[in-house]
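**Student:** The listed protein sequences correspond, in order, to chains L and D. Heads up: the first sequence begins at 98 in my numbering, then just goes up one per residue. Heads up: the second sequence begins at 98 in my numbering, then just goes up one per residue.
These are calculated hints, taken from the structure and not from any lab test. Remember, predicted model here, so these are calculated numbers, not experimental data. It cannot be assumed that every hint is accurate.
Distance condition first, Cα-Cα at most 20 Å in a straight line; then the derived EDC-like pairs of lysine to aspartate or glutamate [stated by the list, open to error]:
| no. | chain 1 | residue 1 | chain 2 | residue 2 |
| --- | --- | --- | --- | --- |
| 1 | L | K252 | D | E207 |
| 2 | D | K102 | D | E173 |
| 3 | L | K252 | D | D301 |
| 4 | D | K330 | L | D235 |
| 5 | D | K334 | L | D301 |
| 6 | L | K156 | L | E176 |
| 7 | D | K252 | L | D220 |
| 8 | L | K334 | D | E278 |
| 9 | D | K334 | L | D235 |
| 10 | L | K334 | D | E313 |
Chain residues, written in single-letter form:
2 protein chains.
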Amino acid sequence: MITSKDNEMIKHVSKLLSSSSYRKECQCFVAEGARLCMDGVLSGAVVSAFLYTKNGMEKYSQEFEKILSASQRNFEISEPLFKKISDTNSPQGLLCVFSLDKKTLSDKIEKGKYYAALENIQDPSNMGTILRTAEALDISGVILSKDCCDIYSPKVTRGSMGAIFRLNIIIAENFTEYISEISKSGIMTYASTPRNAEDIENTDFSKGGIMLIGNEGNGLKEETIKACSKRVKINMKGRAESLNAAAAAAILLYRFQQ
Amino acid sequence: MITSKDNEMIKHVSKLLSSSSYRKECQCFVAEGARLCMDGVLSGAVVSAFLYTKNGMEKYSQEFEKILSASQRNFEISEPLFKKISDTNSPQGLLCVFSLDKKTLSDKIEKGKYYAALENIQDPSNMGTILRTAEALDISGVILSKDCCDIYSPKVTRGSMGAIFRLNIIIAENFTEYISEISKSGIMTYASTPRNAEDIENTDFSKGGIMLIGNEGNGLKEETIKACSKRVKINMKGRAESLNAAAAAAILLYRFQQ
């Protein structure tokens with residue numbers, strides 16, 4: 098049983114939880130809790146390490162057995178140490194290190210399907226909620242600009258309720274160019290922006306395509322809007338500025354795929 | 098200039114920021130930052146105290162003057178002390194104590210208008226986002242059950258983007274009974290619940306009424322659902338469980354008032 102925070106695996110996990118650049122370097126990330134770990138296992142993600150406490154093992158015995166057999170390496174650690182490294186207030190005593198096996202990445206956009214594209218979304222809670230919403234509404238995939246916040250941070254994986262494991266996610270090296278090429282290929286791309294835009298209630302979304310959602314404060318970049326086939330907006334009867342990115346995304350994606 | 102955390106006003110503000118029961122006892126709450134303080138002042142809320150730093154005064158001079166003249170008492174405090182009591186990571190150096198003058202409370206539900214009712218919403222971020230969404234969509238008022246999280250906590254006031262000052266908010270002593278009486282009076286009350294419910298796409302909301310949204314994990318209580326005129330749901334093509342309360346509220350309220 099590991100009890101020291103100087104243990105190499107503990108140092109590795111702590112750094113994965115706190116550092117986005119370290120996650121990129123190691124090509125892996127951490128998910129905590131019975132449900133989220135099981136989401137990863139069931140989605141076929143590679144579990145490179147499984148850390149658990151005696152309490153976690155006993156309380157979540159079913160999940161424990163499944164994660165244990167899916168994982169490459171297993172470590173029992175002490176309760177106080179788990180509490181110390183955990184990113185949550187009441188840790189369940191189960192934590193997995195998943196490999197970023199690029200399984201969720203793809204670059205095929207299919208005609209007739211519905212996608213979301215996020216440009217420079219910065220808040221991890223918004224990102225987690227939008228990914229969760231996209232999955233609930235059966236969006237076929239999510240395209241992210243490179244300047245979005247890291248989707249493998251603990252806040253995003255948790256907020257996504259496991260959608261991170263199941264969604265088809267594309268990270269576009271050059272977002273505007275990527276959208277521009279898709280628009281040219283005949284797939285509809287919709288820029289959500291309050292200016293000079295059509296009310297989503299009047300738009301025919303039956304052919305599918307991509308709904309673009311921009312940064313919390315600044316919206317989509319001007320050049321990205323120009324690269325899109327159409328501008329659309331939510332008709333807000335109240336104070337127009339007052340809709341946060343995740344709430345706007347929920348309405349846009351709901352209307353989009355109806 | 099106040100420099101000590103042992104100052105009575107500083108102790109008062111710190112306690113208001115951290116304790117919901119103290120807010121109730123004192124019948125006041127704190128809002129931070131130029132925009133939120135101005136939202137309060139412009140809405141006519143009573144500013145019982147205004148705390149500021151030299152930096153805040155200089156950087157937000159326009160807002161500073163307006164808040165200063167609206168406030169009953171003003172205190173300059175040192176930068177390090179402001180940083181210590183502030184609830185934000187990068188404090189702007191402006192903070193107001195507002196009185197809960199019940200100005201936002203009312204108990205009249207008007208026929209033909211659109212209201213939201215929240216039962217046992219626990220997460221302050223969800224609460225803030227839902228209030229902000231309600232305002233953006235021009236909802237006429239929000240009814241809260243007594244077991245909702247405190248809407249005057251710093252997380253809610255901030256997340257609401259000032260909607261807390263402008264929205265008509267009713268806190269129902271007995272939520273289920275309140276809804277039951279409204280239903281009996283002929284105003285439509287819609288319980289959002291996944292079970293035995295009509296798809297919101299098929300519902301005629303033209304007469305207005307109240308859209309009820311339940312707790313994050315458990316939804317609406319069974320007796321509350323029974324007290325409603327109708328059950329409605331969001332048709333989710335993907336994983337049905339995966340829509341957080343704020344995202345669900347955004348879709349429901351959008352469709353409701355369209």
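**Student:** List in ascending order the numbers of the hints, as given earlier, that are violated by the structure.
**Tutor:** 1, 3, 8 and 10
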